[in-house]
Amino acid sequence: MMLEKLKQTFTVTEVKEQKKNLTFFTVPKEQMEMMLITLRDHHDYKHLSFIVGIDMIEDGVFKLTYMLYNYETNHSFGIHCNIDREKAEMDSFHHLWEQVGTYQRELREMLGINFEGSPRLEENLSLDEGWDGPPPMRRDFDTKEYSNNTYFQREGRVNYDPREYMREQLYPTFPKTESDKLLNGGGKK
Amino acid sequence: MVAYFQNPLNIYITAMAAAFLLGLVHKLGKMASLTLFYGALTMMAAVTLGSALSLSQPLIIQTAGFIAPLSINLQFGYYEAFFTICVNIAALLGGLYLYDYLKDSVLARALFLMLVVGINGMIMTRDLFNLFIFIEITSIATYGLIGLDRNIKALSAGFKYILAGGMISAFFLLGTALTYYKTGTLNIDQIIAMKDVLQDPIGLTAITLLLTALLIELKPFPANGWGLDVYQGSNAGIAAMISVGVSTGALFALYKLLPLFPAQHMGIISGIGLATFFFSNLMGLKQTDAKRMLGYSSIGQMGLVLLALSFFHTAPLTMFLGIVGGLFLNHFLAKAALFWIAGIVKKDHIKEWGILSQSKMLTVVFIIAVFALIGLPPFPGFWAKWQFIMVLGSGNHTFIIAAILIGSLFEAVYLLRWFNYVLAGSEEKLACEKSKRVPVLIFGLITAFISALLIKSSLGPQSSIYFFPIAFAVILMFVGNFIPTKLRALFAISGISYLSYYVQMNVSGLNLIFAQMFLWGGMILSIATFYKTKAKPATYGLLFLMLASLGGLVLSRTTLEFFFCWEIMTLASYLLVISGKNAKKAALTYITFSLGSAAFLMAGFALSNSLTLMGLAALPSSQATIVFTLLALGFLIKMGAFGVHIWVPGAYAEAEDDISAFIAAILSKAGVFGLFVIAIYMQSTISNSTLAYSLGWLGILTATFGALMAAFQEDIKKLLAYSSMGQMGYVIAAVALMSHLGWVTALYLSINHILYKSLLFLSVAGVIYRVNTREMYKMGGLIKKMPISFISAMMAIIAMSGVPPLTGFGGKWLMYTALIEKGWHLQAALAFFASGIAFLYMYRLVHSIFLGQAKPEHKDVKEAPLWLIIPQVIFMGLMMVGSTLPRLWVEKLSVAVGEFMPSTLTWSGQTATTSLGYWNGFMVMNIVGVIFVIVLIFLLLTFQKVQKVKQFNIVFAGERPFTPETTHVAYNMYAPVQKALGGWVKPRATAFWDGVTEWSHTLSHMFAGIYTGNGQTYLFFILLFFLMLNFLIGAN
Amino acid sequence: MGPLGLKIIYTLITLVICGVYGLLLGAFMAKTMARVQGRIGIPLHQPFVDIIKNYGKRTAISHGIMFYLGPVFRLTGGIGTLVFIPVIFGSEYFSNFSVAGDLLLVMYFIFFGQLGMALGASEGGHPYSPIGIARGLAQMCAFEVPFALAIIAIAIQYNTFSITEIVAAQQGGILSWTFFTNPFAVVAALLAMLGMNMYPPFSIVLAPQEIPIGPPTEYHSAYLGMLQSNRAIFAAAKLVLFMNLFFGGATNFPVLVLKTWAIYMCSVLVGAAFPRFRPEETIRFFLRWPTVIGIVGLLFAKYYLI
Amino acid sequence: MSSKDLLPNDGLSEIDQEFFCQAPPEYISPLPKPIEDFMNWARSESLFILAFGTGCGAIELRPLTTSRFDMYQYGIQMRATPRQSSVFIVGGYASVKTLKRIVRSYEQMQGPKFVVTLGSCPINGGMYWDSYNTINRIDHYLPIDISICGCMPRPESILAGFVELKKMIRAGQCDGANLYAKNFAWYKANQKRIIKDWNMPDYNW
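The listed protein sequences correspond, in order, to chains U, C, W and E.
If you're matching positions, the first sequence starts at 3 in my numbering and goes up one per residue.
If you're matching positions, the second sequence starts at 1102 in my numbering and goes up one per residue.
If you're matching positions, the third sequence starts at 100 in my numbering and goes up one per residue.
If you're matching positions, the fourth sequence starts at 2 in my numbering and goes up one per residue.
There's no promise every hint is true.
What the hints assert, rightly or not - Residues on chain C that point at chain E, a partial pick, calculated with CB under 8 angstroms:
{"no.": "1", "residue": "K1637"}
{"no.": "2", "residue": "Y1870"}
{"no.": "3", "residue": "Q2052"}
Stated by the list, open to error - Below, computed lysine-lysine pairings styled on DSS-like, alpha-carbon distance capped at 27 angstroms:
{"no.": "4", "chain 1": "C", "residue 1": "K2046", "chain 2": "E", "residue 2": "K197"}
{"no.": "5", "chain 1": "C", "residue 1": "K1587", "chain 2": "C", "residue 2": "K1557"}
{"no.": "6", "chain 1": "C", "residue 1": "K2049", "chain 2": "E", "residue 2": "K189"}
{"no.": "7", "chain 1": "C", "residue 1": "K2046", "chain 2": "E", "residue 2": "K189"}
{"no.": "8", "chain 1": "E", "residue 1": "K189", "chain 2": "C", "residue 2": "K2051"}
{"no.": "9", "chain 1": "C", "residue 1": "K2046", "chain 2": "E", "residue 2": "K98"}
Unchecked claim - Label-pair ranges, simulated between beta-carbon atoms:
{"no.": "10", "chain 1": "C", "residue 1": "R2089", "chain 2": "W", "residue 2": "P307", "range": "48 to 54 angstroms"}
{"no.": "11", "chain 1": "E", "residue 1": "C57", "chain 2": "W", "residue 2": "P307", "range": "20 to 26 angstroms"}
{"no.": "12", "chain 1": "E", "residue 1": "M169", "chain 2": "U", "residue 2": "R122", "range": "54 to 60 angstroms"}
Rather than coming from a laboratory, the hints here were simulated on the basis of the structure.
Beta carbons: idealized from backbone N, C-alpha and C, even for Gly.
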């Protein structure tokens, strides 16, 4: 109903009704601000629960999700917005909700997304003892290599692949190729 | 030629001739005309003086060979001589002052001469019809002079004057006619002789009409709106002539006719005078226009003179001149000077008067005039008012005394508020012609001269003790600009040391102890004043004056001497307080309360009917209770007791830092001394009375609330101020004990208070000098920069808190013992509470300033100047001696008090024993010292390595502190106490006094509302006044 | 070796006994608390070990002279307080230096150490120190009220401030103790003592959970050792004072131990059972019922006992 | 130590340098043997733990104060301020952010002082061995006296560790404070390598 209405003005795609009270959809980056304002001011989605960013390295985008909540109807909208991974920039919405600044700081710190004009954007939240590597939550950041270079590894540590390790422990006689087949196929129908 | 100057008739001849010739000479040239005019005025003044000096008996003059009323009938006696001298000198100087105004108009000059003749005539004539003529001459000349100023205000004022003058003339003429009808004569002496004839309705109406006319000329309440408009609207020089000249004439005319007035109705005149005085001053409160305010003051002062006149018109010459003449002279000199200054300043609103401060000389005259009007010593008004109130007191006119004192207080408030604006200063340039300045200065000098004469004559044989210090102080004040600061300080200190030598030679016992407290304490504290590189010129003179007046207080034997010194002390301390940077508002509160205190003292002394302090002892007990209450209230105000303490924080905090030390350490003991004096003399009445009991409770409450309020201050000097209040509370309670131990306690606490309050104030003065703030939370960590100041403050708080082994414990020990010995148990418990609370503010003071985190902006702060350190070291030394060997001085106190009641303190070695307990200060000091040293050595031995660290090397939950400001806990330090006990210290007393101020101003505004500025209203009031008078006289 | 020398030696003995006793009491307090909480608790010698360890620390820091002298003031205050109290009634030498002053001296000398310590802790510059001290002072001036009332009641009753005479007046049977002659005053004083001892619910000064741990936050090593020594001696001194004033004093050490232990148990048991007040609550508390009881005690002494 | 051996303190602004003490920690030689032995006994019997819960292991310390384990009977107690504490417990993984506070608190403790680590993370990084923000070996940053392994060690093992620590102290083997003072430059360099925004004095007192 409401979504239909929104669709008249906005380019709403990938609508997915996750639960009775939770609906996801995607809008383009440039329509995001109007979308949020419309939902906040005309449809009573007054509460911005959170913003999360996901590094979709395969698609070359960061998927940002803005979760809006309506107190009256107990309904949430998760609004996705894909932004280019190479040119990671997004509009800042701190003027709509003051607390947004903090989420944006976190996204800048962890994913390296720039929110132009957001307050105290350059201050790190958890990396505030100084950080000179790439944003640590980007999937192309190799944390093991970073750890090896930065911290002192104790000699003699042996690493196992948990799946291999458990298989050898529990089913040492079962052929490896068969099990791979089973395991890989197990997830698909 | 000499004869010319000895005949008062020549005043008139000269004036008339000059007025006549002016028109002719004017043709010759302006210079000639002006020469003639001023020559005539000079001649008139000279003739008056000459006649007065050659006067051996009253002179009766009949002119032109006819008898009155066709001729002029004059009398020139002592009374007339006094008033005409005043008027003619005022006329000469007023003429000079009006030079600008008069130089262009020959008519104005002629009118001025007419005015002077008219006033002279009103004073001298003994003929009723002559009087009418002279009144008319005066009035017409006045309208003319006012109307010459061609602006709407002046014209409207002149018109209102004509309206009122017309009424006056009508009343007077009717009265004259009726009198003539009844008595068949117009000679006043004959009428008086036949006054029985006038006791019928017609006669009474005649008298009422005459009196109404003359009274209205004096502008009584409420028929005086026109007068106010005239004062406000006319040229200042003319207003001055009206205020001091015309009013004088009317006053004297009234004086001549008063014998006609039925003696049983004299109360009506008194009532009119009193109401006029009270209400004009009340209404003056709300005024902001300088000349109108002066108008209120003028009217009020004339009301007071009228009141005095109604009491003393039959009194012998000396008394008449002493009281009526004194009050009149005071008004005359001060008001003329003030009106003239108003003309120079040319600002209507008093807020713009800061411009005056550009001329030092004029400011001085302004101050003299204002203080004279308020009735502070040594100006004429003080002596007259004192005598007047004493006479009223002996007649038990309580109500009149109260009204006069309250009215005076109102007057003081608005005049001093005005003074504050003057002191505020201004950028604008003050233009001042010589011709205007000279008369003002001459009047200032005359006032000073007369005041000096009055000191000598009023204080009798002892006067030189009081005269010379004042003269010395005045000289010190005036040479202040010409010699370097340090030299001035040296002069002041040597003056004080001589004085202390002199005073100590002449007193003994308790007075000696107080003399030592005042003068020695003052002397040591004076060293501190050296620290300022540039002191205000008058500071040292005032400082000397204040200490000298304290010395005088100790010496005084009579109530007048005592009160004189008390007032001089108030005056000096007020001027000292007001010289602080932002002290004006606080100083106004201070002087208002001080004058209130003085008013209580005056009332108390008046009702005691005793000329000497010794005489207080002889009062019957019912009277003694009232007198004691009044006097005690006066002293308690000065000590800042609970309820009347609201002046304390402002005055202490806003005065210059070294002056605050004087006020707290020395000046506050004046109240203690006063309390002691009355307690000693009225011992028999007061001991074991409810009065003493209430006083005790008041003292303890003062201590408790002083301490509580001190704990919540952010301003360091306000904290110390409230602390002083609290400490004084203990002293009040101790005096109220009326026991040997109690009084020893009071003395001990007083001396101790001098020691530690001096230390604290000086230490704090050094801190403020270095860090330029009084807010404690802005300081911190200064111990490393100012170690000696810290030690001094620390010793002071240990002593103040009463922790052994320093002197303070002696005070506590004596106090609790005394309280419990007397049976004041609950009071003792509350005192415990108060002394517990005292820890709060003392810790706060030392912590916030010296300990905790140092601020980066105080990085380069140095130790306080040496001159501040020296007296601190002296006081610390005294304190150590006093702590180690308490017997040295406690025994002296005990002996001094022993003169009045049997001693209950016994000594064996260094152990003092009372009926309750014992204390050996020497032993305590030694034991503590030994233990301390042993423990310290042990600590030194235990450590292997001690690293000295800096202020941020603190445990900060794994973090580091970032700014000292946020790490230093000082602001609102006692928040939990505030939560728990804050309700106790809501500013109720302040709210009460604010309410009093608010209400008096509202009333003032309400009453002032009757003056609509409409001539018809004014006429209506005049008529109403007549009817009221008529009704009152007729009704009886 | 005149009488003064002998006296000094006896005073030292008193000091040692009271110090040891005070430390044991502290251990006993902790042990009791532990038992209330179902724990075994510290061994009784633990306070001694703690003190030795603190004196034996290798390094220390100093924030300045006042900081350095703070614990010295504190310990001097504690020792001095004990020295001015006659410990054993009837014994010339165990009366220490009580000839120097009476009860008022002792009451005010208590502040000597506290004031010095407050100034020293303040110089440390740690924000919790002044907060703790401010709380302590506020609480002190509140509990001083019932205590002062009780003291005044005693002064009325025995008409003296001399501790020796107060004890003397209570001799002759258990019923002549102040505890029985004027129970109101004693109750008020004991309530005040709860505040004085700073165990819960009046532990607002140290309050480890709020302002860890208040004034002595910066004190350590030998400073802390001195503070702990003082705590023992001072506690003993206060208990002896209470015993003298309200419980008839003691003529020998066993009686002293018995009586002071009993007094001590009051605050220990209360402390074990209550959580902590907030600062303004303790002020209000002391100015309410304890004060009323104190006033009753005072009036009782004034109008009934005399 | 000459002034050129002093660390530069360049983490602080010029104003801040005024506020911090610049002296390095020094090696303090032990007292004569019998006294030192006695003192070591006292030190071992009176362990004041700094109540600073770093990481998840802090939760396993709390049971020690309860009636079930009651560490007080072994002379171990909690202290709220590092000044008075003698034992520092690194309770599990230490992130870079925590390490900064650990270092400052440790340096503020007065010697002799002992460090106990709980769990595997302080030993080799444990399950966070490849994290970008968790240090792997605490002994490169602080001198460790005893490590109690396990993820997490149960209170019993912690108690056992303490008993071991006491034995070591009595034997005079725990001299971490002097070790730290001696190798101060090395420790500091390691600490500064990962705490890039140092913003603290080099010598925390």
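(message) Given a hint of 48 to 54 angstroms, does the C-beta separation of R2089/C and P307/W actually sit inside it?
(response) With a Cβ separation near 40 angstroms, R2089/C and P307/W fall outside 48 to 54 angstroms, so the hint is violated.
(request) Could you grab the alpha-carbon distance between K2046/C and K189/E and see if it respects the 27 angstroms cut-off? (result) Judged against 27 angstroms, a Cα distance of about 23 angstroms means the pair holds.
(message) Quick check: does the Cβ-Cβ distance between M169/E and R122/U fall within 54 to 60 angstroms?
(response) 48 angstroms, violated
(request) With respect to the beta-carbon atoms only, verify the hint that C57/E and P307/W lie 20 to 26 angstroms apart. (result) 23 angstroms, holds
(request) Please work out if K2046/C and K197/E have their alpha carbons no farther apart than 27 angstroms. (result) Between K2046/C and K197/E the Cα gap is close to 32 angstroms, so the pair fails against 27 angstroms, i.e. violated.
(message) Tell me if the straight-line CA distance from K1587/C to K1557/C falls inside 27 angstroms.
(response) Distance ~32 angstroms between K1587/C and K1557/C Cα, so the pair is violated.
(message) Next pair to validate is K2049/C with K189/E; report whether the Cα-Cα distance is within 27 angstroms.
(response) 22 angstroms, holds
(request) For the hint on Q2052/C, just tell me whether its beta-carbon gets within less than 8 angstroms of chain E. (result) Holds, about 6 angstroms.
(message) Quick check on K1637/C please, does its C-beta sit within 8 angstroms of some C-beta on chain E?
(response) This hint is violated: K1637/C lies away from chain E, its Cβ roughly 38 angstroms from the closest one there, beyond 8 angstroms.
(message) Restraint: Y1870/C near chain E, CB-CB cut 8 angstroms. Satisfied or not?
(response) 23 angstroms, violated
(request) Decide if the proposed pair is consistent with the structure: K189/E and K2051/C, CA atoms, cutoff 27 angstroms inclusive. (result) 21 angstroms, holds
(request) With a cut-off of 27 angstroms on the C-alpha distance, tell me whether K2046/C and K98/E pass. (result) 32 angstroms, violated
Going through the hint list in order, the structure does not satisfy hints 1, 2, 4, 5, 9, 10, 12.
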